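Residue numbers (this note's numbering), protein chains in the order written: chain C, 39 to 393; chain G, 39 to 393.
Every clue listed holds true.
In silico lysine to aspartate or glutamate, DMTMM-like type, Cα no more than 20 Å apart, as pairs:
#1 G:K143 / C:E253
#2 C:K143 / G:E253
#3 C:K344 / C:E384
#4 G:K344 / G:D388
#5 C:K143 / C:D155
#6 G:K143 / G:E153
Treat the hints as calculated values from the structure; they're not laboratory data.
Since the model is a prediction, treat every value here as computed from it, not as a measurement.
There are 2 protein chains.
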Amino acid sequence: MNRSINFSAGPAALPLAVLERVQDELLDYRGLGHSIMETSHRSPEFMELADRSKRNLRAIYGLNDDFEVLFLQGGATLQFAMIPMNFPDGGRPAGYVDTGVWASKAISEARCIREVDVLASGASACSDIVSWGNCEGRPYVHITANETVNGVQFPELPSMGDTPVCADISSEFLTRPLDVNSASLAYAGAQKNAGPAGVTIVIVHREVIDAMSGELPSMLSYRRHARAGSMLNTPATFSWYVAGLVFEWVLAEGGVAEMERRTEVKSRLLYHVLDQSDLYLTTLPSECRSRVNVPFWLGSETMDQKFLEAAEGRGLRNLKGHQRVGGIRASLYNAVSESDVRQLVEFMQDFERTA
Amino acid sequence: MNRSINFSAGPAALPLAVLERVQDELLDYRGLGHSIMETSHRSPEFMELADRSKRNLRAIYGLNDDFEVLFLQGGATLQFAMIPMNFPDGGRPAGYVDTGVWASKAISEARCIREVDVLASGASACSDIVSWGNCEGRPYVHITANETVNGVQFPELPSMGDTPVCADISSEFLTRPLDVNSASLAYAGAQKNAGPAGVTIVIVHREVIDAMSGELPSMLSYRRHARAGSMLNTPATFSWYVAGLVFEWVLAEGGVAEMERRTEVKSRLLYHVLDQSDLYLTTLPSECRSRVNVPFWLGSETMDQKFLEAAEGRGLRNLKGHQRVGGIRASLYNAVSESDVRQLVEFMQDFERTA
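Extracted from the complex, chain C is given alone in its bound form (with noise of 0.2 Å):
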């Protein structure tokens, strides 16, 4: 077997111990004689995994009885349509704050469905919250804590008082602890740092659920998910299982303290390399740099078709940048070693010096 260096920005890298546990387990789940696939959701085992993926996601980030933990499918996507249905009318526009491509797409889902104001724009708003004005009375506020496109992250996730703050965590989730005093409603999709594609988990306070409608379609209601403990039909049963074993290794490495440790350790070698660098051009003020999504470029498409042809030839793979921006990226998710991105750095100095 043959891993290569994977910094594919979703679906992405996971750990080698998960993956070789998932093998392990694959044809006999612990004894039971056929795969965690093929087994009821209602089944002693799988619930016994979904309560234990829970307590570990608790753990994690410290989350009390006053959140649910919910492990949804459709994606952020489906999200962007969620929370507009299910917060209630206030009687003024829900504020979105449009840092990139994610946030971009979350107000036009949004707009299919309620008023919205955008409050403010690009990379800088992230760190400029008296720009967006006075929030009070607002449903809710949405923000794109990481913008897994433009590489733009919020410093930290804005507290707004009783206004309830919504923030897309995707590509940032696991990453580095998160403020349950600032976000009421935080979603992911698994496919970053969490495990397979098809799951997303919500954190929510339980609050706004209260306060949510009742009137949708269970498949799109919070409150229908909460209560029926994320299994109102199949749920996503494997991704679920996958991402519970992350989890277990998140915690297992010394928890989110130590991810984010190695995530700002990770994101400085690279963006020291960047910085020094007369060949690789980075846009953003250092503020609202991403510590997980590392964009860059060349200056032209032929020079960064040429490096990202280098890096594949040195085991490199998956640098090529989103077709909306073009360039490279670098996403340097939990399963991405600082020994990976050692190597990518050292390449990136060579290729400089031989470009």
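Keeping the supplied structure of chain C fixed, place chain G upon it in accordance with the hints.
Quick look at chain G alone, frame taken from chain C:
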């Protein structure tokens, strides 16, 4: 490894050859250096896999280019909401046929969204289409082709002229040919016959899509899913991959005609024992009996429990009936072999003799 005989209604038994393939390439998908779970849905490798799976499903069901094949999320229950959301207003209420637990759920979800007439109720509705009345001018008629809980199956899908028929084929998916002249939209959660929970296969006529509303959030719009090739956002890549392997397995085993033949043989073995028995009770007229999910009862909860425990002792697992109806249920999906069913009926005869 000690594989049990798994009669689960879903998530359910998968072909061992498929699971072994998944296990074999779990850490390194065909020389790529990482797992298919870690591979972008936009990568050439995943795009090839996705195209192949669509081609194979088209081959299995003989679908021409008039039909779209979609790989969505949210299970049948999200389809219960999407169908009433997407179909245009036809001047008359949509028509639903209530043959059991799943049809009832489809009806109550649809009622969150639009006006609904229940055309007929009870098991016999599936073989008595005349009782539904004139359906001309209805935006669509919805049926549950096979009721997983109640064990009621349509002998054939009804053809309704210009009125589109929407069919939940979740638990009969890949067990018999699909009459594409009847169904305008057929959908199936994968976790019965096609793979891990978390992917929903939708087969839908392009004319139906063209007539649909375009004002919905993207994840709830068939039209937008179709335009994006089921990649509006990251699809459930791993579940899709396994479903693709199951399609290959079905074709290699002789296609859906062979699956139908096997399903007939297996269900006949089981119904023969039920019909001969003084101990086991069935309630359905033979023309409505499901060839896939076979519920039966032993007359008391104590006897049901004794039966289940004795079956477990013989390695016959997951025979407990659904909580809504109790008793016993054997699901005879494609990965349950004739030999498996022979072991079940032998056990049943032994049990009856000594009970």
